[in-house]
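Here the protein sequences come in this chain order: S and V. Each residue of the first sequence is one higher than the one before, starting from 1 at the first, in the numbering used here. Each residue of the second sequence is one higher than the one before, starting from 1001 at the first, in the numbering used here.
It is worth saying that the hints were derived from the structure and are not from the lab. Take the hints with a grain of salt, since some may be wrong.
Here are a few chain S residues that face chain V, going by a calculated C-beta distance under 8 Å [stated by the list, open to error]:
# : residue
1 : V72
2 : S114
3 : W116
4 : N120
The calculated PhoX-like cross-link candidates involving lysine-lysine, where the alpha carbons are at most 25 Å apart (straight line), are [said to hold, decoys possible]:
#  : chain 1 : residue 1 : chain 2 : residue 2
5  : V       : K1083     : S       : K156
6  : V       : K1374     : S       : K156
7  : V       : K1113     : V       : K1269
8  : V       : K1078     : V       : K1298
9  : S       : K36       : S       : K91
10 : V       : K1113     : S       : K8
11 : V       : K1374     : V       : K1318
12 : V       : K1113     : V       : K1318
13 : V       : K1083     : V       : K1374
14 : S       : K36       : S       : K8
15 : S       : K156      : V       : K1078
16 : S       : K93       : S       : K36
17 : V       : K1078     : V       : K1113
18 : S       : K91       : S       : K156
19 : V       : K1339     : S       : K91
20 : S       : K93       : V       : K1269
21 : V       : K1374     : V       : K1339
22 : S       : K93       : V       : K1113
23 : V       : K1339     : V       : K1326
24 : S       : K91       : V       : K1113
25 : V       : K1113     : S       : K36
26 : V       : K1269     : V       : K1083
27 : V       : K1269     : S       : K36
Glycine is no exception: its CB is placed at the ideal position from the N, C-alpha and C atoms.
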Amino acid sequence: MPEALLNKDAVFEGLAQNVAIQALRAERPEAVTNAKYDRGELTLVIAADQVRAACRTLRQAGYNFLEDVTCVDWFPVEPRFQVTYHILSHKLKERVRLHVMVESIDPSVDSITSVWPSANYYEREVWDLFGVRFHGHPGLRRIMLPEEWEGHPLRKDYPVEGYR
Amino acid sequence: MPDTPDNPHMPEIPGFVETATLVVPRPEEGAKDRTMVLNMGPQHPSTHGVLRVVLEIDGETVVRVVPDIGYLHTGIEKTCEAKFWQQVVPLTDRIDYLCPMTNNLCYCLAVEKLLQIEIPERAQWMRVLLNELTRLNSHLVWLGTHAMDIGALTVFLYTFREREEILRIFEHVSGQRMMTSYFRIGGLALEPPLDFFDRVQALIRVLPERIDEYENLLTGNPIFINRLKGVGYLSADDAIALGVTGPPLRASGVDWDLRRDMPYSSYDKFQFQVPVSNRGDVWARYVLRLQEMRESVKICQQALDGMPAGPIKADAPKVVLPDREKMKTQMEALIYHFKIVTEGFQVPAGEVYQAVESPRGEMGYYAVSDGTAKPYRVHMRNPSFATLQALETMCVGRLIADVVAVIGSIDIVLGEIDR
């Protein structure tokens, strides 16, 4: 296994046998905009409008289990939100991480609940705590906080001592 | 996948017939007044904390289930961002009061992966031993409360007897019964006390027969069987689609255990079976967890027999606090101690996702570092949170009383769901 591969070309060359990379290169060559292999973990950056198609491709390639959807706020860098998906393959015993970068103005990305119904709660959590919307989600409501809560607390610019 | 037979010691019960699955017609369009909405929880004894379930019922039959969570949300993920990396360890205990060690382990493994440090074998084996004791602890509480939900009050007293001994062992080794915080980034907090291994040995010597005792109380009990068999069915495809992990996933016939399939903390050096069942109902989850307890006892025994000697902390002076004696006699150790406590240590930028098999399923920590002494983001993927999504699939078309059995069988901890 290579030590660390930090850009798309290096990853595509070094991990050419990886099932996820093979599937995405064959079926969705335009979906992967960048890639990284670090500390034994593969990360693929997916174009924001391709995430649902990419997930469907991965699922057909054997990555059958969605473990987690979460988000990282890189305020004040643009694009600000990094929606992160962890997808596991029971058969290959491998995990792949997807990043989708989202701009700070009206942050939104396609929901993947039609691919994995389990994304329902995870995406509601991301909406609740980061304020990233998911198009096509069956019921995008707050999940942790009360309905009337203002703001999204895990954003880096959220005032931790409350609004003054 | 192999079907594990139900308990072979189970006696034949005369007159016992497996209840057929209830098929209930949904109310027609415009017939909305046939159903009523019932609020179960948040203060309901069978919801294991503060879970609120909104049930739409038609007579006694459940038509829709909407879990409402967030009553225990304390913003732990946000708090982590204000702490040093090592200060997060005690926070991870508070997520789940039944498996603090598993949370500690998962967080420590994630940060150790970010730092790329090697953990000495003795520390890894101690972690395995304590994690299996945690699994036993968690399953014992689950068994007692699950049986209590069904109406078998006695079992609770029996399981808490053994659980008390496990908590005493935890107190002995870490100084705390529940919020242990015994694992540190880079190893363990302390060398285990001298008679620690003897106490664990004394406990796991009696445990197999104690598990027989619980089985004697429950497995042949016709009321218990009637309440559990055929209830809360979840197919393998549904379980995977809904993000279910751990014992409910294996009870639905998916042969997947992170300890065996993606080993961490030298679990690959242990021999154990992963019980799997194809039944997919509450009964299968009950049988499977009891088998898991027996396997945990075996892992504990292997850990005791083969416990390697050596250091319990990694050789990384910038990350691991020095021993007290060294700190008092060596200048460098004192400086490192001072710097770690006051400034923390810097973790190279990057991101990792570390998953471990907790008693409830796949627990994952996603840690992002920006190169400073504080985590940029820590996210916990908790098994109960995902498993709760499958509640509706398991309950619809069944009776209200079955909802109680199903909630008990997926073994949720609300602190973990709400974080």
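Verification of the hints:
no.: 1; hint: V72; in the structure: holds (5 Å)
no.: 2; hint: S114; in the structure: violated (11 Å)
no.: 3; hint: W116; in the structure: holds (6 Å)
no.: 4; hint: N120; in the structure: holds (6 Å)
no.: 5; hint: K1083(V) - K156(S); in the structure: holds (15 Å)
no.: 6; hint: K1374(V) - K156(S); in the structure: holds (14 Å)
no.: 7; hint: K1113(V) - K1269(V); in the structure: holds (20 Å)
no.: 8; hint: K1078(V) - K1298(V); in the structure: violated (39 Å)
no.: 9; hint: K36(S) - K91(S); in the structure: holds (23 Å)
no.: 10; hint: K1113(V) - K8(S); in the structure: holds (23 Å)
no.: 11; hint: K1374(V) - K1318(V); in the structure: holds (15 Å)
no.: 12; hint: K1113(V) - K1318(V); in the structure: holds (16 Å)
no.: 13; hint: K1083(V) - K1374(V); in the structure: holds (6 Å)
no.: 14; hint: K36(S) - K8(S); in the structure: holds (7 Å)
no.: 15; hint: K156(S) - K1078(V); in the structure: holds (9 Å)
no.: 16; hint: K93(S) - K36(S); in the structure: holds (19 Å)
no.: 17; hint: K1078(V) - K1113(V); in the structure: holds (22 Å)
no.: 18; hint: K91(S) - K156(S); in the structure: violated (38 Å)
no.: 19; hint: K1339(V) - K91(S); in the structure: violated (46 Å)
no.: 20; hint: K93(S) - K1269(V); in the structure: holds (18 Å)
no.: 21; hint: K1374(V) - K1339(V); in the structure: holds (14 Å)
no.: 22; hint: K93(S) - K1113(V); in the structure: holds (19 Å)
no.: 23; hint: K1339(V) - K1326(V); in the structure: holds (15 Å)
no.: 24; hint: K91(S) - K1113(V); in the structure: holds (24 Å)
no.: 25; hint: K1113(V) - K36(S); in the structure: holds (16 Å)
no.: 26; hint: K1269(V) - K1083(V); in the structure: violated (35 Å)
no.: 27; hint: K1269(V) - K36(S); in the structure: violated (31 Å)
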